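Enquirer: Single-letter residue listing:
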Amino acid sequence: MRIPLNIVTARRISQIFFVLLTLWLCAVATLGATFWRLSGWQVNFILQLDPLTALGTLLATRTWYAQLLWAIPVIALTAFLGRVFCGFACPLGALNQAVGWLARRVTAKIPGARAAALRARLADNRHSPWQAAKYYVLAFLLASACFGSLQTGLLDPLPLLFRSLNMTVAPVVDAGFQALFLKPRHYASAWLLFTVFAAILGLNFLRPRFFCRYVCPLGALFGLLNRFAPWRMGKRDDAAHGECGNCTLCDTYCEGACSPSGALVASECLMCMNCLDACPKERMTFAGRASAGGEEHLPEPTRRGFLFAALTGALSAPLWTIGGLAETGKNPLLIRPPGSLDEARFLSRCLRCGQCMRVCPTNVIQPALTEAGLEGLWTPVLNYRLGTSGCQVQCVACGNVCPTAAIRPLTLDEKLGQGKFAAKGPVRLGTAFFDRSRCLPWAFERPCLVCQELCPVSPKAIYTRTIFEPIRFGQADFVAAQGSRLSLAGLPRPTVNLGSGDYYLRPAGLSAMASPEAGLRRINAAIWAEQGQTLTLDAAPDAKQGWKLSPGSVVEVVVRLQKPYVDAARCIGCGVCEHECPIAGLRGVRVSFENESRSGPGRMLI
Amino acid sequence: MSAPEHEATPPELTPQELSRRDFLKRAAGASAIALTGVGLAAALLDANGPPASDPVGAATSAKGLGDYSLPELRGKPGRMAIVRGVVPANSQAAQPDRKAMLERALAALGGLGAFIKPGDRVLLKVNAAFATSPLLGATTHPDLVAAVTSLCLAAGAASVALTDNPVHSPESCFALTGISEAAAKSGAKVILPGENLFVPVSVPPSGNIGGRLIRDWPTLAGPFKGVTKVIALSPVKDHRRAGASMTLKNFYGLLGGRRNVFHQDINGIIAELALLVRPTLCVLDGVTVMLTNGPTGGSLSDLKAMHVMAVTTDPVAADSFGMELLGRAVTEAPYIKLAETAGAGNADYKALNPQFLDLGA
Numbered sequence: 001m002r003i004p005l006n007i008v009t010a011r012r013i014s015q016i017f018f019v020l021l022t023l024w025l026c027a028v029a030t031l032g033a034t035f036w037r038l039s040g041w042q043v044n045f046i047l048q049l050d051p052l053t054a055l056g057t058l059l060a061t062r063t064w065y066a067q068l069l070w071a072i073p074v075i076a077l078t079a080f081l082g083r084v085f086c087g088f089a090c091p092l093g094a095l096n097q098a099v100g101w102l103a104r105r106v107t108a109k110i111p112g113a114r115a116a117a118l119r120a121r122l123a124d125n126r127h128s129p130w131q132a133a134k135y136y137v138l139a140f141l142l143a144s145a146c147f148g149s150l151q152t153g154l155l156d157p158l159p160l161l162f163r164s165l166n167m168t169v170a171p172v173v174d175a176g177f178q179a180l181f182l183k184p185r186h187y188a189s190a191w192l193l194f195t196v197f198a199a200i201l202g203l204n205f206l207r208p209r210f211f212c213r214y215v216c217p218l219g220a221l222f223g224l225l226n227r228f229a230p231w232r233m234g235k236r237d238d239a240a241h242g243e244c245g246n247c248t249l250c251d252t253y254c255e256g257a258c259s260p261s262g263a264l265v266a267s268e269c270l271m272c273m274n275c276l277d278a279c280p281k282e283r284m285t286f287a288g289r290a291s292a293g294g295e296e297h298l299p300e301p302t303r304r305g306f307l308f309a310a311l312t313g314a315l316s317a318p319l320w321t322i323g324g325l326a327e328t329g330k331n332p333l334l335i336r337p338p339g340s341l342d343e344a345r346f347l348s349r350c351l352r353c354g355q356c357m358r359v360c361p362t363n364v365i366q367p368a369l370t371e372a373g374l375e376g377l378w379t380p381v382l383n384y385r386l387g388t389s390g391c392q393v394q395c396v397a398c399g400n401v402c403p404t405a406a407i408r409p410l411t412l413d414e415k416l417g418q419g420k421f422a423a424k425g426p427v428r429l430g431t432a433f434f435d436r437s438r439c440l441p442w443a444f445e446r447p448c449l450v451c452q453e454l455c456p457v458s459p460k461a462i463y464t465r466t467i468f469e470p471i472r473f474g475q476a477d478f479v480a481a482q483g484s485r486l487s488l489a490g491l492p493r494p495t496v497n498l499g500s501g502d503y504y505l506r507p508a509g510l511s512a513m514a515s516p517e518a519g520l521r522r523i524n525a526a527i528w529a530e531q532g533q534t535l536t537l538d539a540a541p542d543a544k545q546g547w548k549l550s551p552g553s554v555v556e557v558v559v560r561l562q563k564p565y566v567d568a569a570r571c572i573g574c575g576v577c578e579h580e581c582p583i584a585g586l587r588g589v590r591v592s593f594e595n596e597s598r599s600g601p602g603r604m605l606i
Numbered sequence: 001m002s003a004p005e006h007e008a009t010p011p012e013l014t015p016q017e018l019s020r021r022d023f024l025k026r027a028a029g030a031s032a033i034a035l036t037g038v039g040l041a042a043a044l045l046d047a048n049g050p051p052a053s054d055p056v057g058a059a060t061s062a063k064g065l066g067d068y069s070l071p072e073l074r075g076k077p078g079r080m081a082i083v084r085g086v087v088p089a090n091s092q093a094a095q096p097d098r099k100a101m102l103e104r105a106l107a108a109l110g111g112l113g114a115f116i117k118p119g120d121r122v123l124l125k126v127n128a129a130f131a132t133s134p135l136l137g138a139t140t141h142p143d144l145v146a147a148v149t150s151l152c153l154a155a156g157a158a159s160v161a162l163t164d165n166p167v168h169s170p171e172s173c174f175a176l177t178g179i180s181e182a183a184a185k186s187g188a189k190v191i192l193p194g195e196n197l198f199v200p201v202s203v204p205p206s207g208n209i210g211g212r213l214i215r216d217w218p219t220l221a222g223p224f225k226g227v228t229k230v231i232a233l234s235p236v237k238d239h240r241r242a243g244a245s246m247t248l249k250n251f252y253g254l255l256g257g258r259r260n261v262f263h264q265d266i267n268g269i270i271a272e273l274a275l276l277v278r279p280t281l282c283v284l285d286g287v288t289v290m291l292t293n294g295p296t297g298g299s300l301s302d303l304k305a306m307h308v309m310a311v312t313t314d315p316v317a318a319d320s321f322g323m324e325l326l327g328r329a330v331t332e333a334p335y336i337k338l339a340e341t342a343g344a345g346n347a348d349y350k351a352l353n354p355q356f357l358d359l360g361a
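Note that the protein sequences, when read in sequence, are chains W and X.
Under this note's numbering, the first sequence has 2 at position 2, and the numbering climbs by one with no breaks.
Under this note's numbering, the second sequence has 258 at position 258, and the numbering climbs by one with no breaks.
Excised from the complex, chain X in its bound form (with noise of 0.2 Å):
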């Protein structure tokens, strides 16, 4: 005798006929926990164990964070314009127009046009390593911000970016050396580093640069998203550690993590840096110049009125000139002939020919 099939019958169903079909409900329910043990198992098998924390092997991660040089002149002498701003004799600024040397140096190079197309989106790297004010020369200043954001979004970018990894608190730090004020007034939008704009960034060897530092290493990659043109703004400091702290320094800002283990190869880290991203410009905003205690300076006896500006395509080229402001050798940062040798510019400034240009004249 077989149990009906159909739902429709159970007052008809015996006792001894009900514990039947509850025994098979029940029968199929172990055997589906049981094999969903099974399942579990197998799809998920880890047969071999997990993996070391510090793997052997190539990196894996993405390789750099871009090249946003233009293409033109890729492997070709880089563009420089060297300008020396006037403080004007009736006005009450102490420091000459930034907005005024920035455009005359473009103006020189073929105006801000020949680099940012219409639709472009730009991203600003400043130097907002720490939450002191403008007038203590420690960052970018923000005059500067807003006139690069400015004369970008004239040229038709379709947006303007800026970010940071900073040393101190990342938001003190855009208020207090008045970058974001000046990035809100101009049109420019802040990027904070929030921690999930970080991922593993490795940079590949070129010549003997390279693949060794950054490896896996969690870079402020986030705000690169999209991005089309780079463009540094860096202030010239003196730095114990490195010889200076200028372009190439600026984008130890784009790391993350414990990068303060680096300092144990300045050198070979900013190199290294040189390659991570290509910028499309540089400027270089040697106004006011931190000749001692930096990079953090403090005190306004640290700073040196100088009154120049270098705009370039070259970051190495610029810091090269920026050791020239400092005083000091090039070699004294030995990490600008690395950053040559490894491809990333011309560590001779001269050799592009510059325009020197003097507002004053």
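Extracted from the complex, chain W is given alone in its bound form (with noise of 0.2 Å):
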């Protein structure tokens, strides 16, 4: 097969090169070891090239953060020469025209296939007034962005795009070769974001480059930043080239159906190129002129609906805070990572791209299905269930990996509360709180402690205090004592095992008389037999302790538990003791977001 050396050929290279890039980027971004692993990689490069990102944060926050500038030369070049964006680097444009290319393939050879499949072509890629679409979502997407409510990045196809391989091809793949992570990531609600993903290709059946066409807020950005473009696709008829003949050749292979043989849709436009490919007459250039066959800017939208549109975006951003998921009515397991900035400035920066939730070492960033209302759909959020160990005390990679600072780049420093933020403390992301009903030393009787042993903070923020409790059915009577060891009777089979260390023996109901650890003996070792039980003390009973040596006296078994207890002022809400508590279902000790920092004033301690 021979490759022609042309334009065509160079897009098609590009392509490839951005896609690479876009999946060369997405295993970068990860922590490891290796080399190659976030060793200073630009890994945010193709999500500052977009200009929807900057415009978007641009109107929900009034500032153009220094990380988006690589969006002015993409507007630029856009200004000037089109949609090049589109036709040459961006990656799920790339994707689709690949699933589309590749839907329409004719292998069949049965005489005819090929003229009716170029019919069926023609049909696909004709221009429709519905490509107007675009426009309306790009209406609502920044008038919502105008009153705060950030949501161009569910429908961004660059955001959508690492989201989508961050959080279910990567994964899934890697879980079979596990050469980026140790052990299979979790990702909540993948399968959602995963169906729109396919959805998004599959529409390629449709109609090629359906979401491009029809969907793509970016597009229609771009679309209306070309309106100028002083160089753009067109035909010609002059003397030297002779009339056009109609062939619809061009409009056959348009992936931007702009009807290239007609009135061109210069907005439509994606710089594909293979107008100029199959044109039997080279009469198609990129020039500095209008088409000979005429030229329209945009797709017909009109005014009306592109007013709808906007209104509703307009409204949209009130209606969440009708909705009061931000303020009042705040999910108490919306935990967001650290360095995240309070709700209702988060959510005018966050692109739910998923690059944190990519990078996060232990997995426990989330995208949020629920947590954090239909307006958060897929920003992060901290499942400490989830993951390997809640979130690393030493780690600031979330908000070093953030395109827009909705997570803030946290210095070590500023994360754990040191050198010049001592004054402010570390950065809390919530609180914890034991559930004395399913914790097992409060509820159960048995001892565990984990969650203090894991406690990272110093001085920890779990603390405990001691208790000797009668362990339920631990009366026996005495029968007889060789020095420590004591044989009893009627003891009923213990459901623990009582020489551990954990269990003591007294006589029975001292307590009461005395100190509450008053005749206690630790049980060394314990023998039972349904017949008599002998019980090894850590050494002899004393009388002088309160002890009977009569046969008939009655012992008890008691178990010491070390209960365990928040420290709320202490506590910064990492989730290790969440995570490694041992009740697997609804843990014992839960982390909700009380107290956090990036409440501000008013949170739980004052």
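In case anyone wonders, no lab produced these hints; they're calculated from the structure.
No experiment lies behind these values; they were computed from the predicted model shown.
Please note: incorrect hints may appear among the correct ones.
Claimed, not checked - Listing some non-contacts, in silico: residues in chain W with all C-beta distances to chain X over 12 Å: (1) Arg37; (2) Arg114; (3) Val457.
Stated by the list, open to error - In the DSSO-like style, the derived pairs of lysine-lysine whose C-alpha atoms are separated by at most 30 Å in a straight line are: (4) Lys350/X / Lys117/X; (5) Lys330/W / Lys424/W; (6) Lys117/X / Lys99/X; (7) Lys63/X / Lys420/W; (8) Lys185/X / Lys117/X; (9) Lys424/W / Lys63/X.
In this text, a Cβ means the ideal position worked out from N, Cα and C, and glycines have one as well.
Mind docking these for me? Both chains are given alone in their own frames, and the hints should help you get the complex.
Expert: This is the structure in structure tokens:
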């Protein structure tokens, strides 16, 4: 097969390059010791090129975040040369184009199949007034952004693609190879994310680059930015080339459905360059003049439709507020990554690109499905049950990959409240609360204390109070004693290891008379049989400590429990306790957002 | 060859010239778009990223809600009159006439004219915390509201308004307590605590009080706009957490936001409230005193008829007198001493040499 060295080939090479670059950036946006990971890679480069992100955050925050300055060259490029980004760079556009191409490949060697396929292709690529729909989408999203609710990321192809790759394709692929992570990653609602992604790709069966033509708000923005592009595609009718025969081969292969054979709809031209290649007489050109077939700029979006979309978008932001989900009605489980801004400002910046969820070494950052309400769909939320060990204290990766600083790029000093942040204290994500009806020592008289062991704060935010409690079915009759070895009768079969060191023996009812620890003797070993039980104590029972060593006197087994408490003023809400709690379902200790730093004044503690 | 500069010649342009003109126009348009992008980025550039939600550093907001005390009394002992009222033997009323008591007390202090000058704009801080009947004594009595309002207007006040940020829904509170009706009849304007009337306020430190709790805290500052005199009208009530709710606790109703977090340090916050606003005058209404089940009450059996009213320029002294009505030591409400330490008044009301008046005598 001969590959012609023309502009279409160049476009394909460029598209393949950007798809590979995207995949590569997804792969390296992971923490690890291997040299190619996060070694200064600009993992957000493609996201930063996005003028819709720049404009959306600009409207929502009234600032242009320095990291989004890469959008400027893209804007300038589009203003002069048209939607080059769509044709040559957009990785989702490339995937859409590839699927559309695969869907229409003629493989059957049936006579007439090729002609029929070309006819069908021409019908598919005919311009449709519905292509105006994406301008309505854009109007809705930008109007919503004006009122502080940034929803562009839901449909903006770049965040959408990164989200889909990061949280559906990459983890599924890597679960097989485990080249990136030691164990398969979890992402809540991955099925829904993939459904959207698969639907976008599948729609290419209906029309080539369906998403690009009808939905894509970024494409719509480009379609507005190329309004004055001095150079553009067009047809020439001049003496040298003769009149166009209207063979419509250009239309047949037009990815943007911009009708190059007739009056060209300039905003819709994706710069796929197929018409240049398809025209048998080289009448199609990319030049600094209007097409001989005439030119329109937009696919006739009606002013009313545009206005309606903008109005509903403008209303949507206040409507979120009416739901109260960012304030009084905030979900207690809405715990944002460390450095996240307060909810209102967070939602004015978050793209839902999933970079934080990808990079998080412990996999606790998850795409929210319901936690943040509809407005916060797929924004990052911490789920301490998933992942490997809560929010790692010495890690600030998420804020440092966030392309819009919805999660601020913290330094370790700021996160831990050290150095010049000492007065402010550490960044708190929430507070741990013990559920005394589920915690082992509180509810089931079982020693445990994993939570306190792993609490990473110094001094620990989980502290204990030690108590000795009689166990259920722990009473027996004294039979005889040989030094520290006691023979007992009537002790029911124990359900715990009495010789584990956590269990003690004492004369029954002694605690009421003396101190809680009066007469306690640790059980070092226990032998149980129906007819008699032998306990070896750490020392011989002492009559001076209340022991009556006469047959028939009652002794009782008590357990030493260290009951855990939270020192809320020290708890940072990292969630290690919740993650490690052995109560697998609804944990015995759980973190909710109370006292989080990002809430500002009026959090739980004063 | 150059294209003509004037607009009058298009018919003579060749298609090539037309095309060139179009190209230049478009190049200008495209440049404008690109430059708009550059200009916006340059004008709105955020090089450092957004600030944290809980910035470090000093509070930046307004300092308190103002000092409305009489300048000639600042730094000097306050003035105080305590009056005992009587229920006229031949009257149907269950309670003594608050207006008569108020007038008697004010007369002993030189009349309301000593405090309210013609043209003054007066704000009354009432306690309208609960949507309950005035009979239950949990809120400022409407008769007192009406009496103070009409006296202020008689003294030449340009306007009288009243406000509170209650616990229950504000409209219900002002209506069911009878305060709205009393205000309407006597000519006071009720200012409901609309969200836009709250602004962040900080209390500067004084002694070891202040600067700690009320920092950039949303406070009911709107009603204070243009106000020249502030009068606090407070009932005397039992309060388990604070020891008692009287004048200073009444100022809790100036706080917005999630103010209940301050109950962790109830004495600290009430002492800061004493610094948040310095009233011109305080009326402590002990006609019926809520001895139990405060500060909500709910039953007549929670109340005791004491038929006493204190009028003073010193809110701390007013509360120390209130503790006596409740039969409690001043130390049982530690915020009283804290407020004194902060310089908000005198925790021993007797040091003010109050005038004791008796309408029954």
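Enquirer: Each hint: holds or not?
Expert: Okay, the hints, checked on the actual structure:
no.	hint	in the structure
1	Arg37	holds (24 Å)
2	Arg114	holds (38 Å)
3	Val457	holds (18 Å)
4	Lys350/X / Lys117/X	holds (28 Å)
5	Lys330/W / Lys424/W	holds (25 Å)
6	Lys117/X / Lys99/X	holds (20 Å)
7	Lys63/X / Lys420/W	holds (26 Å)
8	Lys185/X / Lys117/X	holds (22 Å)
9	Lys424/W / Lys63/X	holds (22 Å)
Checked against the numbered hints above, the structure violates none of them.
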